[in-house]
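Trainee: Each chain is listed here by its residues.
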Amino acid sequence: MSTTQHDMVNRAEAGGHHDHHEPPFIRKYIFSTDHKTIAKQFMFVSLFFLVVGGLLATLMRWQLGFPSQPMPGGGVFPDAMMAPTPGGAIMLPEFYNSLVTMHGTIMIFFAIMPLLVGLFGNLLIPLQIGAPDMAFPRLNMASFWLAVPAGILMLASFAVEGGAAGAGWTSYAPLSASGEYTGVYLGQQLWLVSLAVLGFSSLAGAVNYISTVINMRAPGMTWFRIPLATWALFITAVLVLLAMPILAGALIMLLFDQTIGTAFFLPEFDGEPLLWQHLFWFFGHPEVYILILPAMGIASEVISNRARKPIFGYHSMVLAIIAIAFLGWIVWGHHMFQSGMNPMLGTSFMISTMAIAVPSAIKTFNWLATLWKGDLHLDSPMLYAIAFVSLFIIGGLSGVYMASTPVDVYIHDTYFIVAHIHYVLFGGSLFAIFAGITFWYPKMFGRLMNERLNKIHFLLTFVFYNLVFWPMHNLGLQGMMRRIYDFTQYEYLQPLQPMNRFITICVFILVASQSLYAISFFWSLFKGEKATNNPWNSNGLEWTVPSPPPHGNFAEMPVVYRGPYEYSSPESDTDFLPQTTPPRDRPAPAPVPTPQGA
Amino acid sequence: MSERPFGTRYALVAVALLVAAGCGGGEPGGEAGGGEAAPMESPVDPATAGHVSAAVTFSGTAPTTAPINMSSERVCAEKHATQPTEQSFVAGPNGGLANVFVYVREGLGDLQFPTPSAAVVLDQDGCVYDPHVLGAQVGQSLTIRNSDGILHNIKASPSENRPFNVSQPVNMDTNRSFSVPEVMIPVQCDVHSWMNAYIGVVEHPYYAVSDANGSVSLEGLPPGDYVVEAWHERYGTMSTNVTVATGQTAEISFEFTDEMAGSYVPIGAPIDLFHPDGHRGVDHP
Amino acid sequence: MNWSWMLPESFSTFGGEVDAIYYVILWVTGIVFVITEGLLVYFVVRYRHKEGRKATFDHGSTRVEVAWTLAPLFIVIGLGVASKGVWDRMKRDVPDGALEMIVTAQQFEWHATYAGADGVLGTDDDFTLVNELHAPEDRPVLVYLRSNDVLHSFFLPEMRVKQDAVPGQEIRAWFEAVQPGDYTLGCAELCGTGHTTMNGTLTVHTQADYDTWVAGQVAQQQ
Amino acid sequence: MTTHAAAVGRAPMPGMEVYNLKLGMWVFLLSEVMFFTGLIGSYIILRFAHPEHFAQPGVVLNVPLTAFNTFILICSSVTMVKAFAAIEQGDQKGLKRWLLATIALGTLFVGVQVVEYTVLASEGFVPMAEAYHAIGRGNPHDGPALGGPLYGATFYTMTGFHGTHVTIGVLCMWFVLWRASKGAYTAQSYGGVEIMGLYWHFVDLVWIILFTIVYLI
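Chains as they are written, first to last, in this note's numbering: chain A, 1 to 598; chain B, 1 to 285; chain C, 1 to 222; chain D, 1 to 217.
Be aware that a few hints might be false.
To be verified - With a Cα cut of at most 25 angstroms, we get these calculated DSS-like pairs of lysine-lysine:
| id | chain 1 | residue 1 | chain 2 | residue 2 |
| --- | --- | --- | --- | --- |
| 1 | A | 455 | C | 50 |
| 2 | C | 54 | A | 373 |
| 3 | A | 40 | A | 28 |
| 4 | A | 455 | A | 373 |
| 5 | C | 50 | A | 373 |
| 6 | D | 93 | D | 182 |
| 7 | A | 40 | A | 527 |
| 8 | A | 36 | A | 530 |
| 9 | A | 28 | A | 527 |
Claimed, not checked - If you anchor each label on the Cβ, the simulated ranges turn out as follows:
| id | chain 1 | residue 1 | chain 2 | residue 2 | range |
| --- | --- | --- | --- | --- | --- |
| 10 | C | 178 | B | 259 | 49 to 59 angstroms |
| 11 | A | 509 | C | 97 | 54 to 64 angstroms |
| 12 | C | 78 | D | 33 | 48 to 58 angstroms |
| 13 | A | 527 | C | 3 | 40 to 50 angstroms |
Please keep in mind that the hints were generated in silico from the structure rather than gathered at the bench.
Think of the CB as a built atom: it goes at the ideal place given N, C-alpha and C, for glycine as much as any other residue.
Just chain A, same shape as in the assembly:
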C-alpha cells in the first residue's frame, strides 16, 4: 500500500503543480500545460488548416474541371498566381503545382496528423490510462507552440516571390533541389524549414506519449486493459519517434542543397536523386500508418461502444496494430516501383507490401464481427465510424492493385493513386476524426453535439465524398496522370472532361456541406445539450470524471479491474461495465483522495 501512497502523491504532482489556485487566463488558455487544453488548441489550429487545405483543393479542382478557363473571382489573386486576361483570371501552372504541393502537405502534416496525434493523443492518453496529465506537461506545451510557427511558415510561403513550393508533397529531388527547375526559390526553403520545425513538435509529442503510457498508468491498467485508441496512439508515437528524425535528416540535406550549395541530390555533381526518395519514403510509409492507426483505434472505441458489444478479438486488434507498425518499415519501396530501382528489390517490396494487407484485413473483419449480433445505436459518431470502416475497405482493396507491380506500372502516378490515398486519408482518417470529435465532444466541452445537423452533414459528406473520389479510380484507369495542370493537352484524355467537371462540381458541394459540421460544432458549444459524465454509457476511465474534467483529471486514484470493452456483460445489470467497477465478489477498496480531490 505504501508504494501506492507514494506513487499516488507523485502522480498528483505530475498533473498539477498548479491546481490549488485558478491560473491566469494566458496560462489557462494560451500557454497551458493541461493536456486537455493543449488537445483543444491542436484541434482548433488543425481544423483551421483542414479548411485551408480544402479550399486549396477546390481551387485545384476548378482548373481540372474547367481547364484554363477564367475563374470567377480569380481576380482577387496576385498576378503571380492567376494571370489577368481580358476574359478573366486564369490559373498559372506554377500556382497549380503549388496548390498540389500545399494541399498535400497541409492536409497530411497540418490537418490530419495533428488532429489524430495532437488532438486525440493529448486528450485520450492520460484520461484513458487514468493519469492526471502527461509525463512532461511543459514539453507538451512546447510541442504545440512549435507546431504553430511551422504552420505560419508554411502559409507564409504563398506570399514570397516565386510562390509556394511546387514540387509535390513528396518534393522529389532534383526538382525540389534547385529553384531554376521550378521558379520557386524561397518557397521551397520555407517548406523545408517548416516541416523540420514541425518534426521537432511531433518528436516532443511522441516522447511524451510513450513515457506517459509506459509510466503513468493507473493501478490495474495492464497493457492488455488499455483501450485500443490509446494502444494505437502509443504505437503511432513510436512510429513518429523513429520516422521523423529520418525525414529531418533528409530535409536538412535538401535544404543544404538549396542554400549552401551541397550536392546530396544533384546528379550534375554525382548526387543521388533516388537517395531522397528512399529517405523520404523510409519516413513516408510509417507516416502513412501514423495517419491511419489512430483512426483505427478511434473507430474501434466508437464501434464497440455504440454496438454495446465487446470489440471482437481485442488481442488480435492490438497485435495487428503492432504488426502493421513493424511491417510498415520494410515496405517503403512500393512507392518507387517505377523509380528505376532494381526490379529484384521491387519484387521483395511487393511481397512485404502484400503481407501488410493482412493485419489491415484482420482489423476490418474484427470490426464487422463486432457489429454482428450487436445492439447498434446509429447516432452520428457510429455513422461516421461505420463510414470509416466501409471506406477503409475500399481504400484497402484499391491498395492491392498498386501493390501488384505489373499493374502498378500502368496505374502508378495516375488518378487511381489519388483515389486510393483519399479513400484511406479522407474516407478513412477524416471520417474517424469526425467520429472521434463527435464522440468525445461532450468530454471536451461538457455538451453534446447537435445530432440532427451531424446526421445531415454525414449524409451529404458520405454521398458527395464517394461521388468525388470513386470516379477518380476510373480516371486513373483511363490513364489520366496525377499532378497535371491541363489534362486536355493529351488527346486521349479529352473524353474525360465531363467526368472531371462532374467531380469538380461534387467537390464544391462536398466542401460546402462541411460548413454544417462547423455550425453544429459552434452551436453546440453554447446551445448543445448538457452532457453527464458518461453520456454514452461507456466503460473507459475518461467517462468516470466530470465533463469537462478538472485539472489533474481524477479526484480519486482510479483502480482498474478489467478491459475497456465489457459491454452487455452478464456480470452487470446494465449493458455496460466500467473498468473501475470492482468485481461483484470483491468490494472496492477505500478510495484514496488525491490532493486536488480533497
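Got chain A sorted already, so can you dock chains B, C and D onto it with the hints?
Mentor: Chains B, C and D in isolation, oriented as in the chain A frame:
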C-alpha cells in the same frame, strides 16, 4: 524555471518566425524600381550632345543556321510561311550583322540616368522570341508577351540579377525588371527548347541592337571618350575607343569574321567557377 | 462519363498479361468488396437498436480469426507470385535482338535518338527527333532512358510502359508493339511548370514502313 | 525539463523502476539514433555509389588531430561518470568539480573541431559542390582524387551535426552546473545529472562511430 517565461519564449520564437516570413513575403517580384522611379532630369545637355554611329559587319563564310522543326507545336508551325531557322546568325544583304548588342561600356563616369517609364517588350510569336536580342536599362520594366496562346515558360538565368522562371499558358503579359547591369542575360523556353533570347541590361540609355543592315546609333552622348563594346552570341565581343565631340556624330565599325567562330562568349557578369578565367561562357561547337 | 472498370485496350506483347493480372485482382477485390460491404449493410440494418435488444457478450473466437488471417494471406501471396513473373518480364528480361534507341527527357520535351540505317547507336547516321517516337511492330524496342535535368516518367499507356527517367542514370525500358498506329507518349512524373505539355506520339509502323521511314530521315539529315 | 524530476515521480506500475525523466531521455535518444542513422546511412550509400569522391583516410582529413579530439571526448565521458558517482554519494563539491571538468573538455572538443574546419576550408575542402570545379583539385573526374563534392558535403553535415549536439550538451551542462550550485541535487534526487550523463554518453558513442567511418575507413 517558472512556466510563464518558458511559454513566452515560445511566443517570441513564433513572432520572430512570423516576422521573418512576413519580410520574405514583403519583397515583391523583380518589379521593384522600374516604373515607380520618379523620372528625373537627364544629366546630359542636348545642345552639346554628340552621337555614335556604328556599322557592324560580318566577313568570311557565313555559318549555316539549322532549320527549326516545329512539327511538335502545330499552332506555331502554322504561323510561319517558310520553315523558320535559328537566329544565332542573321546577316543582311550588304554584309551587315544583325542581333549584335552595342553599348557604351566605359566613359560615362558616374552620370545618373532616369529610368525610362516605357517598357521594352519581349514577344513570343510563333514560338520565336521577338526580338531575339534586346536591351533594357536597369529598373526599366520588361514586358514579356505571349501572342501564341499556348503554354510558354520564360526562364531567365542571369548571374547577377534575380533569376526567374515563369510560365504563360494563354495570351498574356508578364512584367519583370532587372536591378543591376548585366551583359547578357540568357532567356530560354523549356517547352520549346529552340526558343532562346538574350537581354543586355545597362545603367544608361546608350545601347542598341544592330538591325539586318548592321547599323547601330547611340544618340545624345555627352562629349568625351568612350569605350563601346559589341556583343554577338556566336562571335563574342569586340570593343573600340571613340571620342565624341560636341554635336558631332562619331563613326565606328565592328567587323566580325568567321575566324571568331567558337571564340569565347562572355555571358553575365564575372565569377563563374566552371570557367578557370572566372567568366561564364557558352562554348559553341 | 466512363464509369467502366475495364482497362483501355493494350497494344504490347506483355500488355495482355498485365491486364490479365489486373482483372484477376478486379475479381478478387470485387468479391471481397461485395461480401464485406454487403455484410456491413446487413448488420447495420439487422442489428440496429430496438427496444429490449441486448448485444451478445462475445470476445471473439481464435479459430475464426486464424481463418480470416490465413485466407487473405494466401490470396495476397498468390497474387504476389502471379505478379512476379510478369514484372520480371516487363522490367528485367529484355529480349535479345531488340531495336535500340536513346530517349532523353528534359524540361519539357522527349528527345528520341535513333540508330540510323546501320541500326547501331553512336554512329554518325544517328538522328534525333523531338516528341516523336517511332517503332516497328512485332519487334522488341529497347529504350535507354536518360534525363537532362529532373525526374520524368516515360509513359506509354497503350503499351503498358511506365518508367521514371532519372538524371545521372541510364535506365532500360522495353516494349514490343503488336499493331501499327499512333499511340500516346506522356510524362507521368511532375517535372515543373511545363509538365502538362510534355507529351508526344508513338508511331508504330510495319517493319517495312519503318525502314523506309528511317531511310527518309537519314536522307533528310544529310 | 530537468526541474520536473521531482514533480514527476516514479511510476505507479509495480516493478516499473524508471522515473519519467530517465525514461523520456531514453526514448528521446532512440529518435537521435534514428537521426544519425539517416545521416550515416546516406553517407554509406553515397560513398558506395561514388567511391571516387572519397579520399583515402588521412589524405584530406587530419587523423592524428581528430584522434586526439576523440580522446578528449572519451575523457569527458569519464569525468561525467565521476560527476554522477559524486552526487550519488551526495558529494556536492565533487559533482560541481567534475561537471566543470566535463564542460571544459566538451568545449575543448568543439574548439578543436572549429580549428579543424578552418584549416580544411582554407585548403579548399568545403561542402559547396561548385567549389570543387573552381579549385582544380578534388574534381573526381580529373587530377589526383582528393575527394569530390559528396565528400565535403557528407563530412561537414555529419560532423557538424555531432558538433552541434556537443555544443547543446555543453550548454545544458552549464544549466545543470548552475542548479548544482544551488544545491538542487542530492544523494536522493539526481535525475538531472543522470539524464545529462545519458545524453553525454550517447553523443560520445556517436562520435566514436563517426570517427571510425569518416576518418579511419
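Trainee: In ascending order, which of the hints set out earlier in this document are inconsistent with the structure?
Mentor: Number 12 - this is the single hint that the structure violates.
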